[in-house]
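A.B. asks: Sequence:
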Amino acid sequence: MFSSIRGTKDILPKDQKFWDYFKNEAFKQSSIYGFERIDTPTFEMTDLFLRGIGIGTDIVTKETYSFIDRGENNITLRPEGTASVCRAYIQNAMYTESQPKKFYYFTSIFRYERPQSGRLREHHQFGIETLGSNDPFLDGEIIQFAWNLLSKLGLNKLNLNLNTIGDQNDRANYIKSLKSYYTKSDWDNTKCKDCENRIDTNTLRILDCKNKNCQNYINEAPNMIDYASDSTINHFEKVKNYLDLSKIKYTINKSLVRGLDYYTNTVFEITSKENKSQNALVGGGRYNGLIEQLGGPSTPGTGFGMGVERVINEIIESDININEKINSKILFTSIDENSYDKKIKYNLIARNNNINSEISTEGKSLKATMRYANNNDFSIVIILGHEPQGNNNTVSIKYLESGKQENISENELLTMLNKNNDE
RNA sequence: GCGGGUAUGGUAUAGUGGUUAUUACACUCGGUUGUGGCCCGGGAGAGCUGGGUUCAAUUCCCAGUACUCGCCCCA
Numbered sequence: 001m002f003s004s005i006r007g008t009k010d011i012l013p014k015d016q017k018f019w020d021y022f023k024n025e026a027f028k029q030s031s032i033y034g035f036e037r038i039d040t041p042t043f044e045m046t047d048l049f050l051r052g053i054g055i056g057t058d059i060v061t062k063e064t065y066s067f068i069d070r071g072e073n074n075i076t077l078r079p080e081g082t083a084s085v086c087r088a089y090i091q092n093a094m095y096t097e098s099q100p101k102k103f104y105y106f107t108s109i110f111r112y113e114r115p116q117s118g119r120l121r122e123h124h125q126f127g128i129e130t131l132g133s134n135d136p137f138l139d140g141e142i143i144q145f146a147w148n149l150l151s152k153l154g155l156n157k158l159n160l161n162l163n164t165i166g167d168q169n170d171r172a173n174y175i176k177s178l179k180s181y182y183t184k185s186d187w188d189n190t191k192c193k194d195c196e197n198r199i200d201t202n203t204l205r206i207l208d209c210k211n212k213n214c215q216n217y218i219n220e221a222p223n224m225i226d227y228a229s230d231s232t233i234n235h236f237e238k239v240k241n242y243l244d245l246s247k248i249k250y251t252i253n254k255s256l257v258r259g260l261d262y263y264t265n266t267v268f269e270i271t272s273k274e275n276k277s278q279n280a281l282v283g284g285g286r287y288n289g290l291i292e293q294l295g296g297p298s299t300p301g302t303g304f305g306m307g308v309e310r311v312i313n314e315i316i317e318s319d320i321n322i323n324e325k326i327n328s329k330i331l332f333t334s335i336d337e338n339s340y341d342k343k344i345k346y347n348l349i350a351r352n353n354n355i356n357s358e359i360s361t362e363g364k365s366l367k368a369t370m371r372y373a374n375n376n377d378f379s380i381v382i383i384l385g386h387e388p389q390g391n392n393n394t395v396s397i398k399y400l401e402s403g404k405q406e407n408i409s410e411n412e413l414l415t416m417l418n419k420n421n422d423e
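Okay, so the first sequence: first residue is 1 according to this note's numbering, each after it adds one.
Honestly, I wouldn't trust all of these hints.
Restraint-style ranges between C-beta atoms, simulated for each label pair [to be verified]:
{"#": "1", "residue 1": "TYR112", "residue 2": "ASP10", "range": "45 to 55 Å"}
{"#": "2", "residue 1": "ASN253", "residue 2": "ASP10", "range": "34 to 44 Å"}
{"#": "3", "residue 1": "ASP194", "residue 2": "PRO41", "range": "27 to 37 Å"}
{"#": "4", "residue 1": "ASN219", "residue 2": "GLY56", "range": "21 to 31 Å"}
{"#": "5", "residue 1": "GLU36", "residue 2": "ASN219", "range": "40 to 50 Å"}
{"#": "6", "residue 1": "ASN211", "residue 2": "THR61", "range": "17 to 27 Å"}
{"#": "7", "residue 1": "SER277", "residue 2": "ASN241", "range": "44 to 54 Å"}
{"#": "8", "residue 1": "SER277", "residue 2": "ILE408", "range": "29 to 39 Å"}
{"#": "9", "residue 1": "SER246", "residue 2": "ILE320", "range": "19 to 29 Å"}
{"#": "10", "residue 1": "ASN407", "residue 2": "GLU36", "range": "48 to 58 Å"}
{"#": "11", "residue 1": "TYR112", "residue 2": "ILE233", "range": "13 to 23 Å"}
{"#": "12", "residue 1": "ASN253", "residue 2": "ALA93", "range": "18 to 28 Å"}
{"#": "13", "residue 1": "GLU292", "residue 2": "ASP10", "range": "13 to 23 Å"}
Worth flagging that the hints you see were computed from the coordinates, not collected in a lab. All values reported here derive from a predicted model rather than from experimental measurement. By construction, the Cβ of each residue, glycine as well, lies at the ideal position given by its N, Cα and C atoms.
Work the whole structure out from these sequences, hints included.
C.D. replies: Quick look at the structure:
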């Protein structure tokens, strides 16, 4: 027997209502906020992600699904959404259009990780990106977008963590001073294995290290904000002001640095208050150097990715009521050979009139057919075939909810099926 | 990459070193001489793979595999 690949999941019919619920809200809100849908290919040249996400990041060093295709190209399945959108923006010269450009996407994401609760190898992200403007208003807009979407979906036990990691200049200075702080302290002799690499490749991440010993040195470490330029501070203040005006509460978390290299200035994360392991529902921020890094003109950008499976889990765990449309359905069944063709014929007529209908499958007793109808939410069963009284032109129509049954003529049945079209 | 847990019909579960391996749901047949839900009765269907211990292993041990949970990291 085959089973789905480790870390991948089927989205079964019984779960689709949650996905529909999510997509409806997300797409509707995107359009209200002026975002346009963009779809990019599932795979890209590996270099795009190396240069976009950063060579030293965990995502690139140990989590990509990469392969060499038959043309000997180095290919990687998309491990996040932003790099592809930026590539499309550059490739299609969208920087020549009026700015900013606002995009949303809904897509699969692939990361080779150990699966566990809230973590898959293929998961889905809904994300938005705003390209072509450095206005801090836009940072506020995407954060408010994410927050608003989640609360529209019914989630309200959430935390918003916010930080600024400065522009490229700020960061260069800050990293220099971080390095000198760390290498001069005892930490240098006691640091964990991960940080041994981080000190050179991804210094900021040391602040986010979960190792207890490494954490001991965080408090004394230099503070980003002391290295921030006036414009960085001004930018951050405006983002905070936007959130205040939106009445969204946030926590400044100075060790929030994010695991992708392209971020500048604003970074944020929305987490579930539930005290569980994978509780980050949304992550994002500003990335002013990325487009240039990918070979485009210097262009600022800001955006986020939202983990759809995690959000849907929250919705399910929160017992949020999702309105399901229940359409009445008809099941046609025949009880003798002669009526077999009739059952097919009337089923086709019903469907042509936009009525949800099916026919019973063969080999089932009438009792089993009725049970099937009951278990599958049919409201009406139409029984075609021999009548004990010998009247060949009537059909039995059974209403499952009331249990009532009546005999009508085939003409009446036709009238009934056609009536639906007038509505 | 590292660590923990689990593996029994389709699903969910119980139990046992030796007899017919438990129960529920689903399926199927019947009670109702073709009519669902509730009830009652019948039927079919199961111990991951490989090795070890033993007279005997589904049970104990080891390995593999899968799933699952946690760490790292992320959504």
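A.B. asks: Next step is simple, just say for each hint if it's right about the structure.
C.D. replies: Here's how the hints hold up against the structure:
Between TYR112 and ASP10 the Cβ separation comes to about 20 Å, which falls outside the hinted range of 45 to 55 Å. A hinted range of 34 to 44 Å for the beta carbons of ASN253 and ASP10 is consistent with their spacing of about 36 Å. Taken as a hint, the range 27 to 37 Å holds for the pair ASP194 and PRO41, whose Cβ atoms sit roughly 33 Å apart. A beta carbon spacing of about 25 Å between ASN219 and GLY56 agrees with the range 21 to 31 Å that was offered as a hint.
In this structure the hint that GLU36 and ASN219 lie 40 to 50 Å apart at CB holds, the actual value being about 45 Å. ASN211 and THR61 have their C-beta atoms about 18 Å apart, which keeps the hinted 17 to 27 Å range intact. Here the CB-CB span from SER277 to ASN241 is close to 34 Å, at odds with the stated 44 to 54 Å. Range check, SER277 to ILE408: Cβ separation about 60 Å, and the 29 to 39 Å hint is violated.
Distance hint for SER246 and ILE320: a CB-CB separation of about 22 Å, consistent with the stated range 19 to 29 Å. As the Cβ distance of ASN407 to GLU36 is approximately 56 Å, the hint placing it in 48 to 58 Å holds. The given range of 13 to 23 Å is broken by TYR112 and ILE233, whose C-beta atoms sit roughly 39 Å from each other. Checked against the hint of 18 to 28 Å, the pair ASN253 and ALA93 fails, with Cβ atoms roughly 38 Å apart.
Remark: the range hint 13 to 23 Å for GLU292 to ASP10 is contradicted by a beta-carbon distance near 41 Å.
Violated hints for the displayed structure, listed by number in ascending order: 1, 7, 8, 11, 12 and 13.
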